[in-house]
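*Asks:* Note that the protein sequences, when read in sequence, are chains A and B. Everything in the first sequence is counted per the numbering used here, starting at 1 for the first residue and increasing by one. Everything in the second sequence is counted per the numbering used here, starting at 1 for the first residue and increasing by one.
By construction, these hints were calculated from the structure, which means they are not laboratory data. Quick reminder that beta carbons are idealized off the backbone N, C-alpha and C, glycines included. Do not take every clue at face value.
Computed spacing ranges between beta-carbons, pair by pair [what the hints assert, rightly or not]:
(1) L58/B x A77/A: 21 to 31 Å
(2) P90/B x G264/A: 43 to 53 Å
(3) G60/B x R78/A: 13 to 23 Å
(4) R330/A x L162/B: 52 to 62 Å
(5) D301/B x D138/A: 55 to 65 Å
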Amino acid sequence: MAGLADLADDERCRILLGEVRTGLSAHSRALADTEAAALLSLRPGVGVRVATRPAAWVVSPDLTLGVHCPMPSRSGARRDGIGTILSRASLTGGRMVQATVHTGVVLGRSGAVDRRQPWAHHLARPGRVEVAGRLRADDLADGFLAAVPDGVPGPDLDLGAVCGRLLDQVQESPLLDQRLPFRAPRTRFRFALLPCDHGASGAAHVCRVSFVVEEEMVRVLRMSGSVADLVSVVGLCEDLALHDWLLTTVQRVVEGSRVRPSGGGRLPHQLRPVIDHLLHLWMPGARVADALLPVWAGVEQRSGISRQWENLVGWIRDQLALSLLADLGRGAG
Amino acid sequence: MILIATSDKGGTGRSVTGCNIALRCALQGSNVCYVDFDFGSPTAGAIFHVESAARGILGGQGMHSFLAGEAAAPVELDLWRHMDRAGLRPRPPGAGRLVLFPGDEGGGEFPVDEDMTDRCVRLLRRLAEEFDLVIVDLSAGRSYALQLVLEATVRPALRPVLARWLVFHRWTRQHIIAAAGLAYGDHGIVDTGAAKGHDRDHLRDSIRFVRTAVPDLDSEQFAGLVPTQAAWLQETDADLQRLAARRRIGRSVLLGSIPLDPVLQWREQLILESDVWTLRIANPQTGAALDELAKDVMDDDPWEGL
Ligand SMILES: Nc1ncnc2c1ncn2[C@@H]1O[C@H](COP(=O)(O)OP(=O)(O)O)[C@@H](O)[C@H]1O
Ligand SMILES: [Mg+2]
Chain A
1 MAGLADLADD ERCRILLGEV RTGLSAHSRA LADTEAAALL SLRPGVGVRV
51 ATRPAAWVVS PDLTLGVHCP MPSRSGARRD GIGTILSRAS LTGGRMVQAT
101 VHTGVVLGRS GAVDRRQPWA HHLARPGRVE VAGRLRADDL ADGFLAAVPD
151 GVPGPDLDLG AVCGRLLDQV QESPLLDQRL PFRAPRTRFR FALLPCDHGA
201 SGAAHVCRVS FVVEEEMVRV LRMSGSVADL VSVVGLCEDL ALHDWLLTTV
251 QRVVEGSRVR PSGGGRLPHQ LRPVIDHLLH LWMPGARVAD ALLPVWAGVE
301 QRSGISRQWE NLVGWIRDQL ALSLLADLGR GAG
Chain B
1 MILIATSDKG GTGRSVTGCN IALRCALQGS NVCYVDFDFG SPTAGAIFHV
51 ESAARGILGG QGMHSFLAGE AAAPVELDLW RHMDRAGLRP RPPGAGRLVL
101 FPGDEGGGEF PVDEDMTDRC VRLLRRLAEE FDLVIVDLSA GRSYALQLVL
151 EATVRPALRP VLARWLVFHR WTRQHIIAAA GLAYGDHGIV DTGAAKGHDR
201 DHLRDSIRFV RTAVPDLDSE QFAGLVPTQA AWLQETDADL QRLAARRRIG
251 RSVLLGSIPL DPVLQWREQL ILESDVWTLR IANPQTGAAL DELAKDVMDD
301 DPWEGL
């Protein structure tokens, strides 16, 4: 029987690993909340959660998946992990669809006896994987975050594959008409939270944050800190991934329309769907726990994502204004 | 949109022309991916100048392995980082994404089962969500790959997605007859598709033809012919035109004609502006024909019902 003290100790050496994939919902228009709720009812009998402010947000119940496989590592140490991972899907603004997979990994402590626990033990702790044998937290996180160059799937714990499948499952629902207003890439956002040494005060805090845009569509966020409520960190990552996707998607469209202007002061035709479907969805930090807002600020400082967004939106507004003037001119002439 | 590239015979120019269309569409700003379903002969990597994927990839994570259920997710190569050719790295400003899903080296044809169709539907639907143009390069003839794609595109998740078919053929008697047979003949595309639940007329209306390596009789290549030779060529060309019309693959369903090009005759590769204007090894007509084809693939007009 694990005592309370043991459990608390466990919590402290937990490492959060996860991935979010973001895309445009496969539908001609934004979904209403009730439609989104039907789409995301992934478990019979378990309801979805809905928030209407500041933006419509609907999230599926958690799905639990049992895993027993080698854990990733940079060093090549192959330690088995056993337990469960959690996944969920969500829709923001009726338009942006996300699948998220995460788990908290508990590393074996040196000196601890490695006993195989029965499945009931793991099922009672959803979203937690226990590692048998020694593995350093850094080694694990580095291995996990470095995985998947160009979509090459590894033999190890593959959260990305689970994430991709869940997003596919939602997107191919018969409730969606598959008539997207434009094509948008999916981004992959991998994240890890490692425990840090100080800050035993009990209050949640995150001290080190690094955010890297790795390939065209891959982003990696690595944090250190101590946060008891891992789900709040997952929420933060979803919010970051969402806004990074918005920026990436609109940036690509704007870049294309700059290289090939329509001429005659007309609004580049590529911009119209972006204006109709995406521009109003920018609301950074809307659902992020107060204690984690500094992480947003940290990412912001480094990558300036809000500044880039404002520039883009400003440019699009200018094009819109110019095209209106040109229309007026044509009307007069 | 999903563009399915087929031909009755191998060696027709399906892959070379398909890859060049992919590149030109991406340069024009479309997001494009190229999916190698030519399981016996996956050569797209070589044409895109990616040495590591020249005859498909090793390691069991190509298209064949993915469809067979042996890989959780297929390898996708961002071509703007992998094409080993000056001027194509990194992505030129304003160009769309260009991604290759390579085949497996040493793969082969295999019978289609239910799970494979599910995986195919899932993959193609996802790609149609992300890309403006999804080019699927099929094995030649009445292959398993053809069966698979006809089966997949009739499923509910893919039915709403626009699918267009291109049949490539060379400009000879035998090739014309074979291409018409593949489209309209026994166990051809229309026949097989209808048996799988496609609407026969709609499927027939979504097939267009591309003639490859067509000798251009007005070009300098043929300037040195003696009059009897020139007359004979003219006559033969007119014969072929009549044959194509009789077999219902005449002008009304012709999407493009790619001239016989000295570079492509010697080497499977991408034709860039620099090949035409700086190196002066490819003919300007080839570049123009490829551009025209890339435009017509995406336009609605040439695909209007007949
Ligand atoms: N327009 C062309 N002019 C000359 N040769 C061509 C042309 N198109 C293709 N080829 C050549 O024909 C051969 C077969 O082309 P390929 O695309 O591999 O055919 P497929 O995919 O139909 O088997 C290749 O050597 C290719 O370079
Ligand atoms: Mg080929």
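*Asks:* Look at each hint and say if it fits the structure.
*Replies:* Verification of the supplied hints:
no. : hint                        : in the structure
1   : L58/B x A77/A: 21 to 31 Å   : holds (26 Å)
2   : P90/B x G264/A: 43 to 53 Å  : violated (32 Å)
3   : G60/B x R78/A: 13 to 23 Å   : holds (19 Å)
4   : R330/A x L162/B: 52 to 62 Å : violated (33 Å)
5   : D301/B x D138/A: 55 to 65 Å : holds (59 Å)
Of the numbered hints listed earlier, those contradicted by the structure are 2, 4.
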